[in-house]
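Peer 1: These are the residues of each chain, in order.
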Amino acid sequence: MILGKSGRNKLLGLISLFVFCSALASSAAPKSDGGSEGHGAVTSESEINEYILHHIKDAHDFHLFSYNDAEGHRKHIGFPLPVIVYSSKGLRTFMSSEFHHDDSGHHVVESDGVSLVKYHEKIYELNEGAHAVEFDEAHHPTNAHTVLDLSITKSVFGFLLVSILMLIAFGRLAKQYKKQAVPTGFGRVLEPLILYVRDEIARPNIGEKHYRRFTGFLMTVFFFIWTSNLLGLTPLGFNITGQLAVTFTLALFTYIITQFSGTKDYWKHIFWMPGVPVPMKIILAPIELLGTLTKPFSLMIRLFANISAGHIVVMSLISIAIIMKSTLGAAGATLLSLALSFFLTLIELLVAFLQAYIFTMLSALFIGMAVEEHDHH
Amino acid sequence: MEQLLNDFSPGLFIMQSVLMLAVIFLMVKFAWKPIISALDEREEGIKNALEAAEKAKQEMESISSSNEKLFNQAREDRDAMLKEAREMKAKMIAEAAANAEAEAAKIIASAKEAIEVEKKEALAEIKAEVAQLSISVAEKLLKEELSDAKKDASFVNGLLGEVNLK
Chain C
1 MILGKSGRNK
11 LLGLISLFVF
21 CSALASSAAP
31 KSDGGSEGHG
41 AVTSESEINE
51 YILHHIKDAH
61 DFHLFSYNDA
71 EGHRKHIGFP
81 LPVIVYSSKG
91 LRTFMSSEFH
101 HDDSGHHVVE
111 SDGVSLVKYH
121 EKIYELNEGA
131 HAVEFDEAHH
141 PTNAHTVLDL
151 SITKSVFGFL
161 LVSILMLIAF
171 GRLAKQYKKQ
181 AVPTGFGRVL
191 EPLILYVRDE
201 IARPNIGEKH
211 YRRFTGFLMT
221 VFFFIWTSNL
231 LGLTPLGFNI
241 TGQLAVTFTL
251 ALFTYIITQF
261 SGTKDYWKHI
271 FWMPGVPVPM
281 KIILAPIELL
291 GTLTKPFSLM
301 IRLFANISAG
311 HIVVMSLISI
321 AIIMKSTLGA
331 AGATLLSLAL
341 SFFLTLIELL
351 VAFLQAYIFT
361 MLSALFIGMA
371 VEEHDHH
Chain H
1 MEQLLNDFSP
11 GLFIMQSVLM
21 LAVIFLMVKF
31 AWKPIISALD
41 EREEGIKNAL
51 EAAEKAKQEM
61 ESISSSNEKL
71 FNQAREDRDA
81 MLKEAREMKA
91 KMIAEAAANA
101 EAEAAKIIAS
111 AKEAIEVEKK
121 EALAEIKAEV
131 AQLSISVAEK
141 LLKEELSDAK
151 KDASFVNGLL
161 GEVNLK
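Just so you know, the protein sequences line up as chains C and H, in that order. Residues in the first sequence are numbered from 1 upward in steps of one, following our numbering. Residues in the second sequence are numbered from 1 upward in steps of one, following our numbering.
Note that these hints are calculated values from the structure, not bench results. Keep in mind that the hints are not guaranteed to be accurate.
[Stated by the list, open to error] Capping the alpha-carbon separation at 20 Å, the derived lysine to any residue pairs in SDA-like fashion look like this:
hint, chain 1, residue 1, chain 2, residue 2
1, C, Lys178, H, Phe8
2, C, Lys268, C, Ile164
3, H, Lys33, C, Ile257
4, C, Lys57, C, Pro80
5, C, Lys175, H, Pro10
6, H, Lys29, C, Ile164
7, C, Lys175, H, Phe25
8, H, Lys33, C, Lys57
9, H, Lys33, C, Asp199
10, H, Lys33, C, Gly187
11, C, Lys175, H, Phe8
12, C, Lys57, H, Pro10
13, H, Lys33, C, Pro80
14, C, Lys178, H, Lys29
15, C, Lys179, H, Asp40
16, C, Lys175, H, Val28
17, C, Lys209, H, Lys33
18, C, Lys57, H, Phe8
19, H, Lys29, C, Leu165
[Said to hold, decoys possible] The calculated label-pair distances, taken between Cβ atoms and stated as ranges, are:
hint, chain 1, residue 1, chain 2, residue 2, range
20, H, Leu39, C, Leu160, 24 to 30 Å
21, C, Pro80, H, Leu39, 39 to 45 Å
22, C, Phe342, H, Phe25, 36 to 42 Å
C-beta atoms are modelled at their ideal positions from N, C-alpha and C, and glycine is treated no differently.
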């Protein structure tokens, strides 16, 4: 990868933050051991599983870490994010701190005649007359229904953060070009990346004639995915590209752009494949039509699964410090977890770039197939 | 699969789509368009500069080759002129020599003629003188002979001394 001096520093910073995070995770364990029942600190295997699954989900508040204070009360460090829901009685907005860190559906927020609860990071509206949420055997609320949740969740917040970072970095680079032909500082790192996306992804896959129209989309997607992936490796706990809704949106954009830029040839190849006998044409049409859907679907699943899996494995390796403590001792378990998670994070750094590259490259390829002109037929 | 569908948040999808559109728009307007056009401009500039350099190089080459040609031409011309001059010189010298010879021969011939004429004149004069002298000698001799035989020789000698070969 092309990383300048600032890139190396960033990497070192990332690793040190990561070490800090691991140390935090391991130091949480002894406290809960001494406490009466842990007060929410993650100690057992099932708790760890739940914690990891909870982490890879979107969240309504920005939670950094928690600890037990001298009185044994659980303290959460982080900040609330705005909740915006479209309920049966209209739009309701309040800060996520109203839920008091409750995610089990017990804390009811009354907002202008609407009773709202948060259960597994989903916001439910209690039915008329109900005062507490009730669950069936499969843990589905029985007397509440979901609302359209337009909150600034952690992922939306992360997306905004990434967008602002991108706008600042690339906006400054764009300004630099007005004064000089060769950028200085951080722009020197960004320029080869831009050239890389243009010359290695857009141009060869789409073709010299059409690639210019799509570079804006491809570059935005590439840098958004890459930055989001990298942000997900920091202990801030973002998991933007590990959200199915996010990867679905990205894949949908690729799908729409592909279909709307399709040439006559492209559609002809889908519905009436040239060069094969008529019965084959009829068989191929639905397969080809399905193919247009499976392509973006694979894009969506690939990115989502890779990033989610990365997060799950890194967190599992960090939790070795807690699980193996009884067999290896606190120092041994921490060291093992540190070593393993360190190497996995290095791999994740590569995956962060690779997934951004694959998504952009395949998007470019699909667009290229749609705009291609078949002169030889 | 059910878990996946359950985790899928329509709200996040809507937010993401709206924000994504906005970000693509903003990035294209404020970042990608100016950056790409600046890069294109720069690449175009580099290409043009390279082409200009190549052209200048070719021009230089053609200039130096034409210089070479001119130089060679000049040398040939010079050689030809030198050769011509040399030939002309030789010819002139030869002509002059021939002329001079002819002139000299003419002069010599006329001189010879003049000498011949002078000689003839001189000879004729001498002849006439001698004849005159002989006549006067004979006259005197005859006169003396008649008067004094003894005195003949001194008389003749005296006469001879009197008669200078003019």
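Peer 1: Evaluate each hint against the coordinates.
Peer 2: Now the hints, each set against the structure:
no.	hint	result
1	Lys178/C with Phe8/H	violated, 43 Å
2	Lys268/C with Ile164/C	violated, 42 Å
3	Lys33/H with Ile257/C	holds, 19 Å
4	Lys57/C with Pro80/C	holds, 16 Å
5	Lys175/C with Pro10/H	violated, 37 Å
6	Lys29/H with Ile164/C	holds, 14 Å
7	Lys175/C with Phe25/H	holds, 17 Å
8	Lys33/H with Lys57/C	violated, 35 Å
9	Lys33/H with Asp199/C	holds, 16 Å
10	Lys33/H with Gly187/C	holds, 16 Å
11	Lys175/C with Phe8/H	violated, 39 Å
12	Lys57/C with Pro10/H	holds, 14 Å
13	Lys33/H with Pro80/C	violated, 37 Å
14	Lys178/C with Lys29/H	holds, 15 Å
15	Lys179/C with Asp40/H	holds, 15 Å
16	Lys175/C with Val28/H	holds, 14 Å
17	Lys209/C with Lys33/H	holds, 17 Å
18	Lys57/C with Phe8/H	holds, 10 Å
19	Lys29/H with Leu165/C	holds, 16 Å
20	Leu39/H with Leu160/C: 24 to 30 Å	holds, 28 Å
21	Pro80/C with Leu39/H: 39 to 45 Å	holds, 43 Å
22	Phe342/C with Phe25/H: 36 to 42 Å	holds, 40 Å
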